[in-house]
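Position chain C relative to chain D; hints supplied.
2 protein chains.
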Amino acid sequence: MAYNESIKNDAKAGKQMLIGLHLGNGYGSQPGAWRMPGVDPENYTSFDARVKQAQAAERGKFQFIFLPDGPGAMLTDIETESPSFNLDVMLTLAAVARETKRIGLVATGSTTFNEPYNLAKQFKALDIMSHGRAGWNAVTSSGNDVAANYGRVIPSSEERYGRAHEVIQLIQALWGSWGKDAWVHDQESGQFARKDQIVPINLQGKYVASRGPLYIPPSEQGQPIIFHAGGSPNAHEMAGRFANAVIGAAFTIEDARAQRNAFREAAKRYGRDPDEIKYIPGLMTTIAKDRRAALDRRIQLAGDLIPQRVGYLQQMLGIPLDSTRMDEPLSKAQLAAARPSPYDPRAAHALKIAREGWSLRDILAHGVIDYHPVIVGPGVEAADHMQAWFEAGAADGFWISADVNTDGIDVFVDEVVPILQERGLFHQEYESKTLRGHLGAPDQYGIDPRV
Amino acid sequence: MAYNESIKNDAKAGKQMLIGLHLGNGYGSQPGAWRMPGVDPENYTSFDARVKQAQAAERGKFQFIFLPDGPGAMLTDIETESPSFNLDVMLTLAAVARETKRIGLVATGSTTFNEPYNLAKQFKALDIMSHGRAGWNAVTSSGNDVAANYGRVIPSSEERYGRAHEVIQLIQALWGSWGKDAWVHDQESGQFARKDQIVPINLQGKYVASRGPLYIPPSEQGQPIIFHAGGSPNAHEMAGRFANAVIGAAFTIEDARAQRNAFREAAKRYGRDPDEIKYIPGLMTTIAKDRRAALDRRIQLAGDLIPQRVGYLQQMLGIPLDSTRMDEPLSKAQLAAARPSPYDPRAAHALKIAREGWSLRDILAHGVIDYHPVIVGPGVEAADHMQAWFEAGAADGFWISADVNTDGIDVFVDEVVPILQERGLFHQEYESKTLRGHLGAPDQYGIDPRV
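Taken in sequence, the protein lines are chains D and C. For the first sequence, full-length UniProt numbering begins at 1 and goes up steadily by one. For the second sequence, full-length UniProt numbering begins at 1 and goes up steadily by one.
In isolation and in its complexed conformation, chain D is listed as follows (with noise of 0.2 Å):
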């Protein structure tokens, strides 16, 4: 199979993962870290929390930031737990692009709610001001509660992804209106640019137009690059055609390496390279000295949400389970008739876990039923599990949940990072200043041809 071999040759050529730091909420993924001991309550609001961790991940060698966005849908437990996102996405990359000097800087903007000459010009600007670290991760944008926002009800998916393949074609367009040498800027001469290097783009579509040209030249990467984040066939064909980079989410090794193969593939049908595309599925962690502190550490984060999932984990297990009985492992009975949810891609890795003997909180406790991957336990379970999804071609890499964005960042740049650099998977340093370099993303300036 064609994965397989290129692969191998990744391998030979010694190639080595991306990571990621996702930031949010300015506490952590998990919903009881704005209580933690250490955490300031106060960093759902504080531009300095989300600085800081910046630069913690910037110290680990990370390749980027992923700020995701999603406003409005996130008020459902507002009385007990943080909001997921960030206050907003730009202004948060604003403040880490002038505190630090290398890593990338990519957030989430809809293509559906957005102007799409204002996420243009705020891309593009974030792209000058960070000296070439900008990545846009184009989504469309779904939910009912979201559209509310916009006082709009979420349009089909056939419309959502025609205005994203024209928004991003307009977009990249306008980013590429002023060529590579037109900022003249020579005060001897008094040219300031080349006219007949700024062009108007006059795209029409069905769904956005704009004249243009954009008035910001090329930054030191030329332009930003794009991210997509998804896994539906939209998403592989709009990625194919646009990202060098996907956020991914993937429960399995099989999942992952089938998803990046169809990014793959779509890029291959778009006539680019497969290597242009990077695929990078989540991970969260939660690293102590041992797999006992790592799940205390968890309990205490969870607190009482813990019991609150016993529900969920019966459908997945498709057996009772009894929540006044949370420090007991379950029973041979139960664990002879449970039978992992076939629509769950967690519940099979659920039961492993209740096969190992842990409680019924512990269970819960490994994160079985998170948003991604969990790693619980010490830094070398993390980097194992790196190095074999990226050894089986399942990622490119990985962006990280921390469990809690103050020591949750620092245990993994600590713990894991040296792992993973000492087995040559990682690198030592940044070898590039800009985003596209740390991606091996090919250089985009004018207006690219095969659009």
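Keep in mind that a hint or two might mislead.
Put simply, identical chains are the same to the list, so a pair is met inside one copy or across any two.
Stated by the list, open to error - Under the rule of at most 16 Å between Cα atoms (straight-line distance), these lysine to aspartate or glutamate pairs were calculated in the EDC-like manner: (1) K195 x E79; (2) K195 x D77; (3) K206 x E158; (4) K15 x E429; (5) K268 x D414.
These are calculated hints, taken from the structure and not from any lab test.
Okay, now just chain C, sitting in the frame of chain D:
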């Protein structure tokens, strides 16, 4: 007349003027600023430069910086001139917010070409980031050049202002959707927020709609304040209803007084105290040790452009002028024949300067056809102008466009500000930490019951 009484009261109460700094393309307000010795020609893309300029204004105790915007209509003379505006006003203000402490941060955001929810989010996030120093200059966009970047034509004035009123109302409601004490974040009790103090806004207008709430708690000033710019009856109405400050443009003390009064009367019609709305006309400055030195600096700045302006001056004065005789004053016959154009409010001033016997080049170097009154001379002339307008009830303050944004700001801070302070017309120190505090704008939490 009402405003005169009010002014007398102001003087009795020892009220002082406000000063703002215009921040645009990073070079300064004169077209030749980018070529001046000592100016880095890369300032157009430099966030360092903007931060330094804002810090200079903060050293001078300016109450705010003001960043106009109007994306896309700026590439006319790109061969020799810089675009007028920031790459992105919000990212610039984000950088400045992190690297200043007190100065207010005001930017234009179009009510015509933005999703209201996105504008609400960014200005509120900036308000949090700056600890209560954000202001939104809410204006409708005009010009088909701008509209074309959004794939549209400019709507009618009725539609633009109709939408603008709805957009501001909706955004203020989103800003107020968290009550003053909604954000509890008590680690001990585990209460993150009071759900009953976070309310959907459910606004449905003719042009825009939103469900809300926004997911951002109040800042140190509660929420950003509204600026408006313009002088039309539509502007009076919009500012009278919503604004705490008006970015004005007036060439004479009489016009400025009439404008100020019109805004105050409009505020009264909406049941507001007219002192809640500050009228702030523009002032352009070239400060040097004497008139001659200042004129020479303007000539250095304007360079080849000065002879190109002779045609315009002919129209203003109603007499033929000879652009081959730039270094001669107008003849007695020319001065006798001159008839200031009744359609140009700058014409009488231009004739006054001509009658002082300056050469044609020097007349133009006085900035007689610039966008605002221009001070070309020693600092005391700026201070005198500001005092006269302030004491005549023509202005609550001024926004300053320095000719060059390096020494042009510093010289204002060092030569004009101390005179105003000595005369008791300008504060010695920031009295407040928030922009509302600087402007004396009342607190606003939750949704304004008057709207």
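Ascending list of hint numbers which this structure does not respect: Those not satisfied come down to hint 5.
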